[in-house]
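Take the given structure of chain A and dock chains B, C and D to it, following the hints.
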Amino acid sequence: MDSVAHGSGHVDHHEEHHEERTSLGVSNLKLAFWVFLASDCFFFGSLIGTYMSYRGKSLVGPYPQDVFSVEVTSISTFLLLMSSLTMVLAVRAAKIHQQSKSESLPLTVMGWMWATAAMGAIFVGFQVYEFNHFYHEGLTLQGNLFGSTFYTLTGFHGTHVAIGVLWLLIESCIWIPMKWIRGDFADRVDVTGLYWHFVDIVWIVIFTLVYLLEFVR
Amino acid sequence: MSRFRALFASVCASLWLSGCSLWPAEDNPFTTVESSSDFSDAILGVYSLITWITCVVGVLVAILMVYVLIKFRDDGSPGNPEQVHGNTAMELGWTLIPVVLVIFMVVPTIRTIFEIADAAPDDAIEIRVVGKRWWWEFEYIEEGIITANEIHVPAGRPVNLLIESDSVIHSFWVPRLGGKRDAVPGRINRMWWTITDEVAAGETILYRGECAEYCGESHALMKFDVIAHDDAGYAEWLELMKAPPVVADAAVREAGEEAFAAGGCIGCHALTNIDGAVARIGPNLTRLGNRRMIASGTMENTTEHLASWIENQEEWKPGTSYNKLGDPRFDGMLIPVELSEQQVDALATYLSALQ
Amino acid sequence: MSAVSTQVETHSHAEDQSTAQWLWSILTTVDHKTIGRLYLLSGLLFFVVGGVEALAIRLQLSVPNADFISAQRYNELFTMHATTMIFLSVMPMAAGFTNFFLPLQIGARDVVFPRLNAYSYWLWLAGALFINSSFLVGAFPDGGWFGYANMSGTQYSPGPAMDFWNIGLMILGLSSMTAGFNFITTVLNLRAPGMSLFRMPVLTWMFTVVQFLVVMSFPMLTVAQILLLFDRNYGTNFYIPAKGGDPLLWQHLFWLFGHPEVYILILPSMGIVSEVLPTFSRKPLFGAPFVIFSGILIGFLGFGVWSHHMFTTGLGPVADSAFSLTTMLIAIPTAVKIFNWIATMWGGKLRFTAAMYHAVGFIALFTIGGLSGVMHASPPVDLQHQDSYFVVAHFHYVLFGGSVIGLFCGMYFYWPKMFGRMLSERLGKIGFWFFFVGMNLTFFPMHFLGVQGMPRRIFRYEEGLGWETSNAIASVGAVIIAIGTAIHLYAMLSSFLRPQDAPSDPWDGATLDWAIASPPHHYNFAVIPEVHSDRPFWDEKHENGPVVSQEKLAGPGEHHVPMPPPSYWPLVAAFFTAGVFIAFMFGKGADGFDLEAFKVQVAIQSVFALGMLLSILAWIREDATHR
Amino acid sequence: MSAQAHDEHEEHIHHWGIYVGIGVFLAIVTGIELGPLFDWYNIPVIVLLAMSAVKFFIVVAFFMHLWDDAPIFTRMFAPPMVGATLMVAALMLLFDGYNPTNQEDSFAVQERYWTNYSSECTSWLRSSRTNRWYCASPAIDMARMVRIGGGGPEWGNISINVDAASDPEKLAGLTEFGGKVYSARCAQCHQADGLGGGAYPALAGAGEFYGTPVNHARIVVHGLNNVPINVLGVDYAGVMPAQNDLTDVELAAVLTYVRHSWGNEDGMVLPADVAQARTDGPWTP
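Protein chains in written order, with the working numbering: chain A, 1 to 217; chain B, 1 to 355; chain C, 1 to 627; chain D, 1 to 285.
Isolated chain A (complex conformation):
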């Protein structure tokens, strides 16, 4: 429910040539999105705070060492990292296409976005597999504190990634080819990129605090 409706009804004028004047010279959409990321910082901050506060306080039941199969998780971490790379290349391609002012279909941009979406989808797939595997190992949402906090934190992150994949697919398959976005098309792809990178850095924090910290003496 964190996907914010990105209405883009600028206050703008019918005359094409008269551009919208902004006081800071930055795009409204991008500025609003950074504010959303600031808010999401506190959202994940609270979830990570809950997980870290309850770490080691489970009375009973499977502990992290008992269930973590980190080979799977490290592969999905690599995937998410590389998807961040493809996303940056997509944003770069969008800027080039924007400057070249060509009317043709920005295939390179769509290509990179599909790659990102694909890797994101695989990451979510790994996440679902991991949840299933842990469930059969006895780690349930209701069983103990570790189960509750772990599934809530990684579950909400997984939902954010899923929303990101959906956003990438809709953008690359509907908005861009059907020209729903006109003019500042690089701006839209840039904002999608910001969301994806934010979700990636949150995973960097989660991967370290939840998984790696368990195996470090």
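Not one of these hints is a red herring.
Straight-line C-alpha distance at most 25 Å; calculated BS3-like pairs for lysine-lysine:
{"no.": "1", "chain 1": "C", "residue 1": "349", "chain 2": "C", "residue 2": "541"}
{"no.": "2", "chain 1": "A", "residue 1": "179", "chain 2": "A", "residue 2": "95"}
{"no.": "3", "chain 1": "C", "residue 1": "349", "chain 2": "C", "residue 2": "429"}
{"no.": "4", "chain 1": "B", "residue 1": "242", "chain 2": "D", "residue 2": "180"}
{"no.": "5", "chain 1": "C", "residue 1": "349", "chain 2": "B", "residue 2": "71"}
{"no.": "6", "chain 1": "D", "residue 1": "170", "chain 2": "D", "residue 2": "180"}
{"no.": "7", "chain 1": "C", "residue 1": "541", "chain 2": "C", "residue 2": "552"}
{"no.": "8", "chain 1": "C", "residue 1": "429", "chain 2": "B", "residue 2": "71"}
{"no.": "9", "chain 1": "C", "residue 1": "588", "chain 2": "C", "residue 2": "599"}
By construction, these hints were calculated from the structure, which means they are not laboratory data.
Frame of chain A, contents of chains B, C and D only:
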């Protein structure tokens, strides 16, 4: 208790409206400004200091405002007043004054925090306080006595309270003996005080307490008493509680014990003079006759009240009957069997006779 | 809501629309002014609802051992009184002023994302109606506005009551956050040329700080409520002590949101007073940058003080000292603000209009409330004050004496600009005195009740505790406040019966919003003025500075300036978003996780989520085609 | 998009090689971090956190372009990031029981829960990774858990070793211990004399109703929820609260006590029967 603290407390207490408080304990049993323990002495010290500072500042600001409102009314003369935008010196001034006042308040505050929080002396009487849904269970850990809604303590000796809850969050508060501590389920909060009032031989002083944290329907009816004795009185109370009372009148005893078993009271209540009555789900009824109030401060302890309480708990304390929520986990009071009139009276007279 | 019927036209060339056309124009409005009026009037409506709940509470507490109202009904009343007053009355009224005046004061034609602005209002309305719909099901929330854990869990609040409260507040939280993104971007990006940040009016500064607080504090509430929702629906054990969970986690997360929330409630009123005082003292706000900086400082220190609500839960001396220090630090910027207000009046030519009455009343009452607050910033004192009526007195002085009287000051000051009609000064002053006297009669005795040890949220008290007289006086005072509210409402409703004849600058104001028509044309500024100081309109009128008033810049009457067309997608998207949240009500297992209930919930939720997705796509598509 | 904003970004398109280089660097750092997972080497916690922080800032600075983008974005993102980090640290401090008395208190309180908790685990799982046993049956009766004082095993434990004892010893031991459990948990409704009354069925002489030991155990372990039954000619449809928080031995003892009191002579119920009853699920007529 460090000597310095006592000195500091007395100095500030004397500031407190020259000793005679506006709300004396006689007609304000829950007053927070009359101290009867070292804990509340310390609090009263900081309390009166900060109250004085805030009142003086409040009066000064009020005077300043009234002056400005009267002096600078619009006298109808044309033109605008001098367009003053600001004055950094004054800004600095009224930033530093509050800083000084804050320092003046913070230093004694932090000193008192650490004094209140230091560990209780070893010879303190340890009492486990368990907040339940709408009554208090007190357990004298060394003595092995379990009672409800009344704490008996000797004046002059430190009392260490281990406050916890087995239902929702309550808050243990005896205003005259010091601040409140929340009874949080899953955690033990400590508080200790020594009653400083002198208790004449054979006499007792009553300090009333209440639950301060919202805990459901009968949150308002969860009061308890702290009764201070002199050392002899306290020792005598201990024996009383340990030895099961003898009910002289045999008829009352038989009828009472029969009703106690028939009504299923044995399932929840413990009673020293009935063997097998050891359950701790309901309050411990040992020597119920001696208690001042019943149903945790809801009504005076008379046989009629006891009978009507057994008859209909919901009317006295809303929310206490099981079937209200139909949920066995509810800590309410339920008599599983319809008791006849005589059985209720027999129970009431029997329990009142446990003196 | 009938008050809205005669007045609100989205376009100033208001021909006689049929009621259906007018209603459709409301439902599809994207004009920040219409949304501002909707927020204000909805806030007023719920202020009356909250007031009635308060009267019922005071009735039950007027005499000892009263049984006008049962314990369960009383617990529901005080929960809904607090939730209604905070989330459904004071915040929307402040949002109404923010929506209406933030764009005007920075010289913008509208907010950056007009449809997102409409979406926020409709989502807010959905949340408000959803919480109150619990009344129809007979399950009014009874866990307190704070909903402390392990009492708000299924074991001790088994019914759907706390689910209504929990999910309703999540909807309200999301609506406030979306509005926050919108306003922060508007303030930063759509300022008039020449208006640097420090040339913005103080009211807009306070609105901006509030929006930052909203955006950064509501996530903590949302997370706390998600964890409570999982505990209640799916049997997780975040707050269940039996399995290692700690009820204090809820208190930490709730008050991490809670304290910034109370600054969200007070800063708009501080901004309004900082505009009203200079106008009626005929001189600039004394030390405006200091007032702005202290507002920012109050806002962000607000994130570091949350545990002063938890001094009695035994956090340990170190935590208590730290939070006591940060709490007392907030007293300093507050004092700076109060002294600056008084210094503004010093040397001025004070004109006592109804708005000025309320502004001076605000300073007096807020000072008392602030000082009584400093008293229990110190943990030893707070051990006696916490959960007693002293705290009730404190926060009613700052919330009623501060926020509410500040908002009513804003109504008497800005009504001509918002609705184009003057409010009767006579009724305003009478209403103020009823508020002032009633408020002091009600809440000052509560200080004494607190010192006499009366705990909060008790539905009944016995005689002989010394609490009788103060409670009786308080109940009488509450009736006087009710009369004052009635007088104010009468003044406002009767203003709609009079023609729209308010001048565009009734109080000789100093900021851009007074430089345009009352009520402003739908495009606000035909020509966006150049700003050279923090009081552009005052400089034009009194210091023959550069011209900013629209009459002179663009000539009188209507101009054709294209504005974004109305759109119904915000309403549709808000409906589906609310549906996604409300579907959680159906996923509740009787005792922990129940797969069938979860399947029903997911089915309903995916339908609404799909609807939300499609409406967002249509929303974006609409933008592309309407270009 | 505003015109002048566009020119500003015009020349800032980096060569794709930079991004790929950064991507590779991040991958390498992540690879190093995985060392302790496979027990190749250990990394001190501080170093691990530092490595993650470096990855974090690189992604924020270069992939999210905060390094060369408008400063307002950095000013918008940095304070909340610092705020969120401080909040996590504050919550960890407040919850780790910095206050020493909290620490040993919470162990004391949880130790009480643990003893109640461990005795109820009906099925255990062993982790294939650490060979540690852990409880896999999450169904814990909350009511019993939460009662700190009450409901404790104040009836002590059984005097005999049920499996080893001979039949007569077993019967005597079970009935003696069962009596104590009965008076504490069952007398409240079925009365001490087993005659019940009102909404509660009599147990004396109800042998043919509760039938085989496993059936009898199923009725008591899972309870009855408004199931219409007929005991000694009287119809009941009330609620028999589930007693699943009692252990197998306690239930076997109380059931044997019932089957050998007030004139009943209906054989013994053994812990194995109770265990079987737990898995068979609730009894239906």
